[in-house]
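Participant: Sequence:
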Amino acid sequence: RIDVGGESISVGDNRGRTVSSIELAAAMAELALSAYPGETIAVPVDMPSLFDRVAALHDGTVLRTKISTQALMEAALEKKPVMATDGKGGFIFPQFQPAIDGMMAMAKLLEFLATQQRKLSDVVDALPPYHSAQAKVYCMWETKGAVMRQLNQRYENQLSNAVEGLKIALGEQEWVLIMPSQDQPHIEIVAEAEDEDRVYKIIDEYTRLVRSLQPRSM
Numbered sequence: 001r002i003d004v005g006g007e008s009i010s011v012g013d014n015r016g017r018t019v020s021s022i023e024l025a026a027a028m029a030e031l032a033l034s035a036y037p038g039e040t041i042a043v044p045v046d047m048p049s050l051f052d053r054v055a056a057l058h059d060g061t062v063l064r065t066k067i068s069t070q071a072l073m074e075a076a077l078e079k080k081p082v083m084a085t086d087g088k089g090g091f092i093f094p095q096f097q098p099a100i101d102g103m104m105a106m107a108k109l110l111e112f113l114a115t116q117q118r119k120l121s122d123v124v125d126a127l128p129p130y131h132s133a134q135a136k137v138y139c140m141w142e143t144k145g146a147v148m149r150q151l152n153q154r155y156e157n158q159l160s161n162a163v164e165g166l167k168i169a170l171g172e173q174e175w176v177l178i179m180p181s182q183d184q185p186h187i188e189i190v191a192e193a194e195d196e197d198r199v200y201k202i203i204d205e206y207t208r209l210v211r212s213l214q215p216r217s218m
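So the sequence shown is numbered by this note's numbering: it starts at 1 and just counts up by one.
Keep in mind the hints are simulated off the structure, nothing from the lab. No residue lacks a Cβ here, since even glycine has one placed at the ideal position from N, Cα and C. The reader is advised that the hints may include incorrect statements.
Unchecked claim - Derived DSS-like pairs (lysine-lysine); straight-line CA-CA distance at most 30 Å:
#1 66 with 79
#2 108 with 79
#3 66 with 80
#4 88 with 136
#5 144 with 88
#6 80 with 108
#7 88 with 108
#8 66 with 144
#9 66 with 201
What the hints assert, rightly or not - Okay, the calculated beta carbon distance ranges per label pair:
#10 77 with 160: 21 to 27 Å
#11 20 with 163: 22 to 28 Å
#12 18 with 161: 31 to 37 Å
#13 163 with 1: 28 to 34 Å
#14 59 with 140: 44 to 50 Å
#15 114 with 10: 17 to 23 Å
#16 146 with 17: 41 to 47 Å
#17 127 with 61: 14 to 20 Å
#18 128 with 207: 23 to 29 Å
#19 207 with 103: 36 to 42 Å
Modelling step: build the complete structure from the supplied sequences, incorporating the hints.
Facilitator: Dropping the structure here:
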């Protein structure tokens with residue numbers, strides 16, 4: 001199904017199961033890199049390492065962008081990845097045009113499945129497992145900068161390169177990304193871990209930390 005704006009798509013597989021937006025994005029990455037091994041895909045910085053593992057299977061690379069449609073379109077235009085996705089149902093195929101297009105995404109999905117003689121259910125089922133979660137913590141506009149500075153100082157030795165926010169490496173395939181919202185009074189927290197219990201513990205831990213770094217009146 002294509003949304004009313006003609007941009008994002010949502011699908012069910014051949015077994016009647018609803019495919020989540022991240023699973024669909026990873027499945028499309030798998031199909032695109034199967035067709036064009038060694039190429040690059042582009043995804044926002046908050047997407048799980050699932051995409052890196054899919055790319056590695058095909059000697060591909062992952063380009064991380066800021067979390068905005070504009071940033072994804074700029075990457076598609078300048079870096080020419082084989083595919084770019086926002087992980088929310090939006091896809092860009094730069095060979096066609098550097099913009100999100102639902103009709104093209106649906107056409108490419110069907111083309112990949114047909115030419116590779118694969119079923120979507122099989123592609124989704126073969127994806128590497130991942131566990132990610134996110135939360136939003138209220139934070140006054142005037143406090144965001146101070147909170148982010150304190151986090152930067154506290155974790156400066158654990159920070160990995162991130163194009164947006166602070167990405168703290170906690171272990172192998174385990175990280176937390178903390179970003180001030182650009183248009184809302186909150187700070188966003190995204191985490192990934194090896195199992196579901198652990199990822200929610202990370203979210204809880206850093207939610208409490210962000211709250212503790214704000215004035216007591218909060």
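Participant: Decide, hint by hint, whether the structure agrees.
Facilitator: Evaluated hints:
1. 66 with 79: Within the cut-off at roughly 14 Å; holds.
2. 108 with 79: Answer holds: residue 108 to residue 79 is near 20 Å, not above 30 Å.
3. 66 with 80: holds (16 Å)
4. 88 with 136: holds (18 Å)
5. 144 with 88: Within the cut-off at roughly 26 Å; holds.
6. 80 with 108: holds (17 Å)
7. 88 with 108: Measuring from Cα to Cα gives roughly 17 Å; hence the hint holds.
8. 66 with 144: Holds. Residue 66 to residue 144 sits at ~18 Å (cutoff 30 Å).
9. 66 with 201: Given pair residue 66, residue 201 holds - Cα atoms ~26 Å apart, limit 30 Å.
10. 77 with 160: 21 to 27 Å: holds (26 Å)
11. 20 with 163: 22 to 28 Å: Distance hint for residue 20, residue 163 holds at roughly 24 Å.
12. 18 with 161: 31 to 37 Å: Between residue 18 and residue 161, where Cβ atoms are some 34 Å apart, the hint holds.
13. 163 with 1: 28 to 34 Å: holds (31 Å)
14. 59 with 140: 44 to 50 Å: At 47 Å between Cβs, range holds.
15. 114 with 10: 17 to 23 Å: holds (20 Å)
16. 146 with 17: 41 to 47 Å: For residue 17 against residue 146, whose Cβ atoms are near 45 Å apart, the range 41 to 47 Å holds.
17. 127 with 61: 14 to 20 Å: Holds, at about 18 Å.
18. 128 with 207: 23 to 29 Å: holds (27 Å)
19. 207 with 103: 36 to 42 Å: holds (39 Å)
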